[in-house]
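Asker: Starting from the given sequences, assemble the full structure and let the hints guide the process.
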Amino acid sequence: MPGTVAQAGSASSGTYRASDIVKSYGSVPVLKGLSVSLHPGRIHTTMGENGAGKSTLFKVMAGLVQPNGGTLHLDDAPLLLSSPHEAHLHGIYLVPQEPALMPELTVAETMFVGQLPTTGRWRRIDWSAMRARAQEALHALGLDIDVDAQSRRLSIAQQQQVECAKALLRGCRVILFDEPTSPLTTHEVDRLFSTMRRLRGEGYTLAFISHRMDEVLDISDDISVLRDGALVDSVERPEFDRTRLLSQMVGREMRTIPRRSWSSATTEAVLTVDGLAHAPSFAEVGFTLHRGEILGLAGLVGAGRTEIAETIFGLRRCDAGSVVLDGAPITGLPTHEIIRKGLVYAPEDRARHGAVLPMTIAQNVSAGLIERVRRRWGLMDRDDEDRIGAEAVSQYRVRCAGTDQTLRELSGGNQQKVVFGKWMGLSPAVAILDEPTRGVDVGAKDEIYELIEARARAGTAILVISSEMEELVRLCDRILSIYEGRIVAELHGDGITPERLGRSYLSHAGLGAAA
Amino acid sequence: MSAPALQAAAALPVRPRPARGSAWLRRDLREIALVGVTIATVLVVGAFHRDFMSLQNLRFMMLGCVVLSLLSLGQTVVIATRGIDLSVAPVLGLSAMVTGLMAQTGGLPLYGAFAIALAIGLVLGTLNGLLVARLAIPPIITTLGTYSLYSGLIFLYSDGTQVDSVPHAYATLGNGVVASVLPVPIPVLVLGIVLLLMWFIIGHTRFGRAVLAIGNNQAAAYNAGIPVTITQVGAYTISGVLAALAGLMFLSYTGSATVTTGTGDHMELQSIAVALIGGTAIAGGRGNALGTVLGSLFLSVILTALVFVHVPPIWYSAGEGVMILLAVTAGRGARA
Amino acid sequence: MSGGRNDVTARRGASRRLPLGNWERALLVLLVLLTLGLVAAVPGFYPGFGDFLALSENFLPFGLVALGLTTVILTGGIDLSVGTTASLAAIVMAELWTGLHLSIWIAALLGVASGALLGLVNGLIITRLRTEPLIATLATSFIYGSIATALAGDNPPSGFPDSFNRLGTGAIGGILPYQIVLFGVLAAFFSALISRSAFGRKVVMIGYNTEAARYAGIRVDRIVTLSYVISGTTAALAGIVLAAYYSAVRPDMGSILLLSTITTVVLGGVSIFGGDGSIAGVVIAVLLLGMLRQGMLIAGFSDMVTTMVTGAILLGAIALKNLFAGRGTGLATLLRRLRIRPAATT
Chain A
1 MPGTVAQAGS ASSGTYRASD IVKSYGSVPV LKGLSVSLHP GRIHTTMGEN
51 GAGKSTLFKV MAGLVQPNGG TLHLDDAPLL LSSPHEAHLH GIYLVPQEPA
101 LMPELTVAET MFVGQLPTTG RWRRIDWSAM RARAQEALHA LGLDIDVDAQ
151 SRRLSIAQQQ QVECAKALLR GCRVILFDEP TSPLTTHEVD RLFSTMRRLR
201 GEGYTLAFIS HRMDEVLDIS DDISVLRDGA LVDSVERPEF DRTRLLSQMV
251 GREMRTIPRR SWSSATTEAV LTVDGLAHAP SFAEVGFTLH RGEILGLAGL
301 VGAGRTEIAE TIFGLRRCDA GSVVLDGAPI TGLPTHEIIR KGLVYAPEDR
351 ARHGAVLPMT IAQNVSAGLI ERVRRRWGLM DRDDEDRIGA EAVSQYRVRC
401 AGTDQTLREL SGGNQQKVVF GKWMGLSPAV AILDEPTRGV DVGAKDEIYE
451 LIEARARAGT AILVISSEME ELVRLCDRIL SIYEGRIVAE LHGDGITPER
501 LGRSYLSHAG LGAAA
Chain B
516 MSAPALQAAA ALPVRPRPAR GSAWLRRDLR EIALVGVTIA TVLVVGAFHR
566 DFMSLQNLRF MMLGCVVLSL LSLGQTVVIA TRGIDLSVAP VLGLSAMVTG
616 LMAQTGGLPL YGAFAIALAI GLVLGTLNGL LVARLAIPPI ITTLGTYSLY
666 SGLIFLYSDG TQVDSVPHAY ATLGNGVVAS VLPVPIPVLV LGIVLLLMWF
716 IIGHTRFGRA VLAIGNNQAA AYNAGIPVTI TQVGAYTISG VLAALAGLMF
766 LSYTGSATVT TGTGDHMELQ SIAVALIGGT AIAGGRGNAL GTVLGSLFLS
816 VILTALVFVH VPPIWYSAGE GVMILLAVTA GRGARA
Chain C
852 MSGGRNDVTA RRGASRRLPL GNWERALLVL LVLLTLGLVA AVPGFYPGFG
902 DFLALSENFL PFGLVALGLT TVILTGGIDL SVGTTASLAA IVMAELWTGL
952 HLSIWIAALL GVASGALLGL VNGLIITRLR TEPLIATLAT SFIYGSIATA
1002 LAGDNPPSGF PDSFNRLGTG AIGGILPYQI VLFGVLAAFF SALISRSAFG
1052 RKVVMIGYNT EAARYAGIRV DRIVTLSYVI SGTTAALAGI VLAAYYSAVR
1102 PDMGSILLLS TITTVVLGGV SIFGGDGSIA GVVIAVLLLG MLRQGMLIAG
1152 FSDMVTTMVT GAILLGAIAL KNLFAGRGTG LATLLRRLRI RPAATT
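Protein chains in written order, with this note's numbering: chain A, 1 to 515; chain B, 516 to 851; chain C, 852 to 1197.
Keep in mind the hints are simulated off the structure, nothing from the lab.
Certain hints may be false.
[Said to hold, decoys possible] Here chain B is said to cover these stretches of chain A; the calculated rule only asks that three of the stretch's residues, wherever they fall, bring their Cβ under 8 Å from a Cβ of chain B:
id, region
1, 79-85
2, 94-107
3, 113-124
[What the hints assert, rightly or not] Pairwise CB distance ranges, derived in the manner of DEER restraints:
id, chain 1, residue 1, chain 2, residue 2, range
4, B, 734, C, 1070, 48 to 56 Å
5, B, 745, C, 1039, 32 to 40 Å
6, B, 699, C, 1009, 45 to 53 Å
Glycine residues also receive a C-beta, built at the ideal position from the N, C-alpha and C atoms.
Answerer: What follows is the structure, encoded as structure tokens:
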């Protein structure tokens, strides 16, 4: 490794091609032989729904994931990347969505990790040169970040910007951004885009992932659309067509998303939320949920939807407001009591929050309310636990070898069904489902929707949080749009169309029209 | 929207950096606090007991912290990688026993003792490192296992004998002063040199910064091209070498070594305690050589002060326990 | 596509609930071989059934500590204060007996209760002050040690009534030591507690995934605190048994317990990261290490040599476990490569 960071402007001109990339995890194919090519001085956007394989593609191109097949070419020279470090040496840099922090180190040192400049006979770290060059790199991007600050104090937006500067310092000409805008506010997105434009102007090769149609149309030169691990469309700047892109993404005409013809919603209020606030995530959130109703919470990642759900569920303290369940206030109660009173929450991140993957199906199902399992001599009756597990397996059509299989061995869809079984077995009055089809393959999605609808028909009031428009349009009786922690629009009945829903939170300029 | 935004970003002035002094204050709060509390203790106790401030007592307190400081400096490097080294106590004991017996019966010269101690530390420390980094055994289990192994080695080597006298050269190393005009105890000089070295290694070499980067985020460190395995092994090697050096200093200072030297009074736990008091984070990523030595000195001063105010010695370890709790909770407050 | 995937998962199901996992079975085989080997090779190791059983009196106090410590380690924590807790509890008992002239049995009960209290302090420091278990129990181990030394004074009490000492060295009908009965009952209790009770289930969930446990409405802090109370209680019990064994107490009598007990628990297959492990494995590890130690002592090896062998076994066992799990680099990678070939041919 060279003693100093190579300055930007290595010999490569920066045309980066990935051809016929194949990648599968176990028996699950993620990338099915797709090809993209990135060009210097252009911004290439990869679009697609959750699980389409965008992130995996970027990770393959950045050396984080080894593909099962396919080739990479940088300026027509074949490339084998065994680690991200090797990708850096070839001038390819991936800016992750939530950059890996070195919380205890200063910003300047984080930028030079692995390549600290040294000086003198004792090869001691040249702190002043390091700080100066870090400052210079940030300055070149027009960034106002203190290089002596501890990394832990940076916001996610700042971390991404620092990552950009890191890429420049390492002399990288190809910079990939893995869905950078999701956790950012509008203002922060503007800042990021101005940085990207500046780099494009200087001939860098840029690629990024995004869901937000407006920003994609705004900044991209080329767009590739991925669906189920394959490339379905690829267009250049003048030929952008919003409707066509949207339908390519979901695989059918947006207008033909089937809406339920029936509704089990009643007028009996089950959950009333009033003036709920938790700084800085959300404020003045109020709505009523009725028995048998499916209510959607739409919005971008980071809009505060998950925080609202977790506050209602007692996992976070609220600053103000009240939550009333079946006429009784549950504000500020601990989670276990809220569950007992009939409100349950299936979190977005199954591996971290929703389930215990190394434990068995039966154990995960009974975890919702361990007291439910019959006792014998004060001990849990295993047969009864198995019975409860088996009931959930058959009712929610979990495909498995037996209730003693660990969740780790199941597919995403089947894991999610187990999580459903755990909560729905309690016949809750209210169920909050956060991204219920995250990490679930397309075939199993419909099954999950049917299960949700069946539960609503049985009288449970359901709150669905989702970033997928199709999902909300298909499922919900009513939809609330959340933008930066506040409810900005409500759609119901025939008013629910993909266009209006999209406008209500994707482009806040169109708020008036949506409401 | 794009063009104005671009200009706005470009036009933003770079925020003037805060004055260097305040950043320094913030970063080195722990050391300043330790120095302050140590001096305050000396002054307050000294006001009531004149002997406490005597040159002889100050020298005694400094001497008292040398062995533990050396041990804790190695521990600091290991904890900074997000590891832990319980085996420092038997490494100390083995080094003291081997060099001591050779000196007692064979008249091993001092430079030979240094070479042997160094070799012992190098081999045993590296073995720890290899087990952790190459076989992926969690550090606490690895060093628990080698703790037993190395303790056994002490016993096998000593074969029931013990060291109760050492040649004159050793006693000078342990108790002498550098020169009559410069009444600094030699052990303090040794500690000073090691501290300087460790301060340089942790703060100003690629290896030291790699140690901290691994402690911060091992996966990210690997992705950035840091040689993770070598760095981890290196951290345990340093810990082993310093523990062995501590053993030699212990032998020279006390003139004795037994089968339970080091392990008997749980030096491994004490070294962890000192590192924590000195501001090293148990979750890794933060390690501080100067803080560790100051922590050890502070401990020595407090314990001696307790003697002066007639607190029975049995309460010393309780004092240590309370200090650990205060140190970690206070550290959290400062960082929040 | 999802149908195809589910064909893959459709296997197993018949291998339900074997009483012991692979690790435990391997340990059991090792235990049997070791015991038979020692009986055959070491003269005096099997002097008669009663004396053979009495060998266990030397190591079962470690087993008592291990049971409680397992509960803590299963939550993903650690308790470094078990040694000083044992000493302190025994000294509390002895002082109550001499100082207040309480019945030795009531004093013993109060000693065990004091262990629970010390565990509670650990638990509260960890959950309320949000301190790492390693740091918190390191600190309290120093503090408890001081209190024990202070309470004991220069001449700690000794010479307990014979009826009490039989707890440490007596045997029912001269054959079955009381210690075995106590350990057996407690092992059965802990086995049920960990694998069959709601509490144990919550402990395991917290160990595998603390966040998921919290999202499932489990009162994590309460369960964690309780696990330290349990660990303090069993440590105290071990201290009481040691006091009966020696018919004396000393402030440092528990210090030998800590490291060997952690070794036992880890060798028993309990993951130091929490969640994974069983009481059965720990019980077998207690017997395995205990028999090994006694066998080597009788064969004339010193205590330190057996300690050394114990350390080597611990490292070897965990290294092997990692090798088979394909973790680590170097040897592990080699083994993985070797394993791929036979898998491809079948």
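Asker: Just tell me: holds or violated, for the beta carbon distance of residue 699 of chain B and residue 1009 of chain C against 45 to 53 Å?
Answerer: With Cβ atoms ~48 Å apart, the hint holds.
Asker: Count the residues of the region 94-107 of chain A whose Cβ falls closer than 8 Å to any Cβ of chain B, and tell me whether that reaches three.
Answerer: That given contact holds, which follows from 6 residues of the region 94-107 of chain A lying within Cβ reach (below 8 Å) of chain B.
Asker: Is 32 to 40 Å right for how far apart the beta carbons of residue 745 of chain B and residue 1039 of chain C are?
Answerer: violated, 49 Å
Asker: Against chain B, does the region 79-85 of chain A show at least 3 residues with beta-carbon separation below 8 Å?
Answerer: holds (count 3)
Asker: Taking a Cβ-Cβ distance under 8 Å as contact, does the region 113-124 of chain A have three or more residues in contact with chain B?
Answerer: Answer holds; 8 residues pass the 8 Å Cβ test.
Asker: Within 48 to 56 Å: is that where the Cβ-Cβ distance between residue 734 of chain B and residue 1070 of chain C falls?
Answerer: At 32 Å between Cβs, range violated.
Violated hints, in rising order: 4, 5; the structure is consistent with all others.
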